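Just so you know, the sequences run in chain order A and B.
Sequential numbering from 221 applies to the first sequence in our numbering.
Sequential numbering from 56 applies to the second sequence in our numbering.
Heads up, none of these hints are tricks.
Restricting the straight-line Cα-Cα distance to at most 27 Å, the calculated cross-link-like pairs of lysine-lysine (BS3-like) are:
id, chain 1, residue 1, chain 2, residue 2
1, A, K247, A, K258
2, B, K145, A, K290
3, B, K145, B, K134
4, A, K290, B, K134
No wet-lab data here; the hints were simulated from the structure.
In this text the structure is predicted, and so the values were computed from the model without any measurement.
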Amino acid sequence: MHNLMGFVILLLISLGLTYAIWAAVSKSLQGLLNQVVKLPDGTAFYLRTFLIGLLLAAAAGAVGTVFNLKADAPFMEYVWRVASGLESVCQYFFGFLLGYLVLITVLVAVLGARHEQ
Amino acid sequence: MNNEQFLILSYFIVGALVMAIALAVHAYLHRPLAGITRTFRNSYLGLILRRLFPVGLVLPALAGFLSVNYHACDRNYAKIIADRSYLVEKNQEQISTACLFLLMALFAWGVIVLISLATRPDNPVPSKNAGQDPQ
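Excised from the complex, chain B in its bound form (with noise of 0.2 Å):
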């Protein structure tokens, strides 16, 4: 495989695998918020947030990767693909900001629920699976 193959073909699994990170994410959190927006007054915003919740993880996940530049130090697209250990580089720099994204993501995603647990009627109804160790 010449560097140009292993570029393009590492760009695209490096793009799968942070979808597929942020994917999981959502499937490990997904039960509790939907458990949480099950108690809200307005059932029109709790759609609205089960709908966007893995949206708001994709996003930021896919964000961080794209916003790694192979053009960095004026390289030509020649420069860039003459060097092995620069794209294996810019990979793991792919992968690296993606999390820190998410990262972020999450913090968002736990202000959001803070609100909408400060918001919540006095009563919820407790969901089957709720308050399990996550371990």
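Just chain A, same shape as in the assembly (with noise of 0.2 Å):
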């Protein structure tokens, strides 16, 4: 039951940490894909990745931390391993952002120039 409560418990705050990310950046992103691909369509693919990217590495990280301590394991067992399996949450978010952020920036840069042509 307490592994069952301590993965809920992940998986809360790594959805948190999602909405967070998704809260502070998705309008920017728009107005900044709305402005240089210039289709609607490519708009909604890219913001529709950029949620997706962040789901999955929040479902990766969350779903492969094991929760298999003892019932009378103490209070602070628990915290540890929330807390690994924050960190591996935090490692696949910072990769996605890494590679979606090169990936906007080569998409601005590419099309920027075609614009400007």
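Reassemble the complex: the two chains are provided individually, in unrelated frames, and hints are given to aid placement.
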């Protein structure tokens, strides 16, 4: 039961982080894509890819963390297990955001140069 | 339910779940992709991309799921089914790896769309539902 609670807490924190990143970036990303892509379907594709990528990174980190502690394990063991899961989630977020940023930078460079021609 | 039954059942349920995740991603993205491919000069290329899109999401997810090895650390079948927590751990690893493979596939599709956007004509035909916020 405690293991399940630990997993649910980790999943909720991961989803909270996903929402925080999405809320912080989505509006400006949409504006940038509208300016650069100039094709509404293109904007929708990249925005949706961003949201799905964040959710997949959160799911990969949270689900990949194994909660198999014994029932009499001390409280801090659960905290450390959640922290270990959060570390994975943060690493996946970092990897995804880095890759996405590179992709968007290339998109802006290529399409920006094309519009200037 | 004994551990062997659990192994068989959980393996196929997780496999189905992974496919469902890939198909959900496809369902969410196929409309904007179809809108983009409609602006291509060569309609055959758009058709090929639209048809390959579900394959290009389901196959990586499946590859991630199948890449998890139950025989790690020289465990034989008897040792594998002896430990229920090991089976659950492997199921979690399968879902996690499938999500990561799917993430990489999304990056690859992002690059393909980027190339297609860079080579599309200057006066594209806008689609009806385009530009909506995904929220």
